[in-house]
Every structure is written in C-alpha cells, then in structure tokens.
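2 protein chains.
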Amino acid sequence: MNLRDDERLDALYANDIQIIQSPSVFSFSLDAVLLANFPRIPKRGTVVDLCAGNGAVGLFIAKKTTAKIHQIEIQERLADMGQRSITLNQLADQVTMHHLDLKETFSLLPKESCDLVLCNPPYFKSAPLHKTNPNEHLALARHEITTNLQEVVTCASQLLKMKGHFALVHRPERLLDILAALKTARLAPKRIQFVYPKAEKDANILLVEAIKDGKEDGLKILPPLVVYDEHDQYQPAIKELLYGQP
Amino acid sequence: MNLRDDERLDALYANDIQIIQSPSVFSFSLDAVLLANFPRIPKRGTVVDLCAGNGAVGLFIAKKTTAKIHQIEIQERLADMGQRSITLNQLADQVTMHHLDLKETFSLLPKESCDLVLCNPPYFKSAPLHKTNPNEHLALARHEITTNLQEVVTCASQLLKMKGHFALVHRPERLLDILAALKTARLAPKRIQFVYPKAEKDANILLVEAIKDGKEDGLKILPPLVVYDEHDQYQPAIKELLYGQP
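Heads up: the sequence lines are chains A and B, in that order. Quick note, the first sequence lines up with residues 1 to 246 if you use the numbering used here. Quick note, the second sequence lines up with residues 1 to 246 if you use the numbering used here.
Derived by calculation from the structure, the hints in this document are not laboratory data. Treat the hints loosely; a few may be bogus.
Identical copies go unnamed one by one, so any copy, or any two together, can satisfy a pair.
[What the hints assert, rightly or not] Straight-line distance between alpha carbons at most 27 angstroms, and here's what the computed DSS-like set of lysine-lysine pairs gives:
1. 201 / 163
2. 201 / 64
3. 163 / 125
4. 125 / 215
5. 183 / 215
6. 201 / 215
7. 201 / 161
All chains should be modelled from the sequences, with the hints used to inform the complete structure.
Set out below in structure tokens:
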C-alpha cells in the first residue's frame, strides 16, 4: 500500500470502506457521507460522481449497487489518491476515477446515458485570490474557481437519461441559486433535506434530489437531520451513517 | 358581546387575546400563531394583514407595536367576526378590519406606504368545484378561488416601502412557486423556517420573510420547529407561543 507525503488511511465503518486522505490536500467530510446516503441508488446502470475529490462518495455507494461508477475530478493529485483507494478496496472492476475537467465529460461518457449523478461541488462563490485558501488544492475544492454551480448542474443534466436522478449537497444560503440552476437545466427538485448542526442552530447543509424532465410539483421537505445533541455527541441517525449502528 | 349562530370565543393565552371563531366559517390555526411570531414587528408605522380571515394575526401582534394595523378580508362574514373581535379586545383605535377584495387594496392604502405585510393566504391551487370544500366559507379560505399566490405577493410588494418586510405562511410543497412569486415581485427571501409536525415527519408548514428590493444573498434557514414530541404533546417552543410559557 503506497501512502505519499502526509497521507493517511481513514475508514468509513458503516460501509466498510478505506479511503486515502491528506489534510493538506483533501479529506472527505460529513457532507460526502450525507450525499452518499441521500438519493435512491439504482441497482444497475451508470452512476457518475462529479467533483469527486478523493472519490469518497463513489466508494461509499459501491456496495449498494452493481452499477458502473465513474468519478470525475479535475485535480490530478486528488484523482491519484482516489484511484489508489479504488484499488485498495478492490473495486477497480466497478469504480473508475477519471482525471478530467468536467467540461470534457462528454469526451468520456455519452449524453443521456446515466441513471444517477451525484455532486459535492465547491460551495463558495469565487473570491479574489487573496481571500480564498492559500492552499491551492483546498481552494479549488471549496471555491468556484474552475467551475461553478450552473456548469455543474447543466453537466449533470446532460449526462442523465430522461427521469434520471441528480443528487447534490450544498449550503442552504445558496438555495435560490441552486433552484434557479436546476430549473435552467430541466431538473425538477423532488426531495430537499436541511441538516442542522444542533437543534437550535440554522441549517448549514442542504441536500437536494431532482429528476430530469420531472414535473414541478410534489416537492417534499424531508425530516430535519440534526447532527449533534445537546452534549455535542453525534445524534443516533448520524452515528448510523458513520459507524453502521446508532 | 354578540355571538352569532355557532360562534364561540377562543383565547390565545400567550397574547391575552380573545377571538370570535366559528367551526363552520373560519377558525384560526397554529399557522396564524406561527406567522404572528415570525417576522420582526416594527415598533411603529403601518402593518397590513392580507387574507386576514377572522383577524387573528393582526390581533396577535397588536400588543407588540404601536403601528396601525389594517386587515383586509374578502369574506363579509369573516370580516364581521374580525371587527367584533377588535371591539371585544378594545383595539379599535389601533386595528381596523376592511371588508375588501385585495384587488381593491389601493383604494384604501397608498402604494409604498407600509412597513410590514403579513399573509396567511389560501394554500391550495384552485380545483374543480366538486373537489373543494362544499362549505363556501372554508373553500374560499383554503383554495385559490378569489386570488392566487402571485396576486397576493404582488399586492404585498406594492404596499411595502423600499426595504419593508413581507412575512408569509404557506405549505412546503409550494416552495418553488413561492420563491418564483417573490422574485417576480422584487421581494428577496432572507429567512425561511420549516415546521415539522413531528421530528421524523416531512415539513408541513413553511414560514418565509422577505425584504422589498433586498439583496439576493444571506438567506438563512432557521432552526427546525417541531410541533409535537414523541408522546403527541406540544413541544416547549409551541406551548410558549400558545400559552406564554413552555
């Protein structure tokens, strides 16, 4: 097993998956675990993870489906970590990491060919360089520098078959942008869940599932997901996502 | 005190207000209490309650402000109940009920004259008559028969001064319609709160506060408001709204 520089091996116990991470380059967060557990995962077909980072989301869903899973990541360093994690988990027959700008997605995959697209994109609007993270790897993962919300959502929509599903994790303060981007890309939101750090705090994570060319009615706001209890311990639902038991 | 037909007198203990209600005509619900407690209430100026029903919302906020409160209700029977409740609570100097179609609002109040507009409108799209409530009073209060979401929101916006606030209670499944209507009417949503009947249920009430000609950023999703606990008793926050103590 090859670990480079400050890389370490972390586990998601709930899915029995090991992931190569690096604090100075990229580490998956709760957001990726929430995203992987949010949409209905098709039993077969084709699944794409856009803005895949070190490939956590695709690895987390791999054992729930026989679908081929394509991961697209623009940063070579992250794609390399992700490819080694795929090998480490013996999932190379099912999961493939592509070091690729998502603008080049259709050099790889045909339009209207996918059943599910997942995405944990950069959350923050691009800011002057001195205000973004001085670490280039982290800046690219967090800020809309190489892509932006509309581009990601449009790419997802073009990948999807009619009635295919798109699942996105993002920040609640971008809700208006997100809904506008989905509408522009013919994606109808059907399920939204807000995640609150504590019961008395504003939401800080938003999950949304949309259907390509779906009807614009029947939107559900799912039950609130609260991360920590009053003693700063994970709530049972979160423990189950992380450890496989409440 | 004149009570007609099947009218009865109900109290909102938290605000020490008595309200004339009738199960066959209109009774205020938790939605009205939530709406009255949602926005920042200006200390003075002019407040309007559109689709006022029996006037519950305006009465609930009266003691928190010295602002003049105008209530607009299209149903004569409801406006009459509301006017008698105003008298009963000795609030006639501050609160006025107008029996008026909101299309006629500007025969009464100048445009851009108000600091806050509140609205608990009919929630459901207009359906064929046989599918609406056979009771005409209840059908008009619940279905978009005499007005609709965009008309209500546009009326509210026209009433408001620049940077005036609009507060709406509605159903979460109409979220996309609501955000589109607000945008059309130059109202920028700033605070949204979802209300869940129980912790593990989908949201069934949506509260939104928007600012006229506000910037379209800084949207907050407030902490989840859960109505009942696992023993079907009101949660402390709801008890406080209804009874003035948790």
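Within, between, both or neither, where residue 201 and residue 215 count as close if Cα-Cα is 27 angstroms or less: between (33 angstroms within a copy, 23 angstroms between copies)
Identical-chain pair category, residue 201 with residue 64, by Cα at 27 angstroms: Answer is between; shortest inter-copy Cα gap is 25 angstroms, intra-copy 33 angstroms.
Can you give me the call for residue 201 and residue 161, within, between, both or neither, at a CA distance of at most 27 angstroms? neither (38 angstroms within a copy, 31 angstroms between copies)
Reference check for the pair residue 163 and residue 125, CA-CA at most 27 angstroms: within, between, both, or neither? between (29 angstroms within a copy, 25 angstroms between copies)
If the cut is 27 angstroms between Cα atoms, do residue 183 and residue 215 qualify within a copy, between copies, both or neither? Intra 11 angstroms, inter 21 angstroms, cutoff 27 angstroms: intra and inter.
Up to 27 angstroms between alpha-carbons, please classify residue 125 paired with residue 215: within, between, both or neither. So residue 125 and residue 215 pass the 27 angstroms test across copies only (16 angstroms; inside, 29 angstroms).
Go through the copies and call it for residue 201 and residue 163: within, between, both or neither, with a Cα cutoff of 27 angstroms. Answer is between: at 26 angstroms across copies they meet the 27 angstroms cutoff, but 35 angstroms inside does not.
When each numbered hint is compared with the structure, a violation occurs for hint 7 only.
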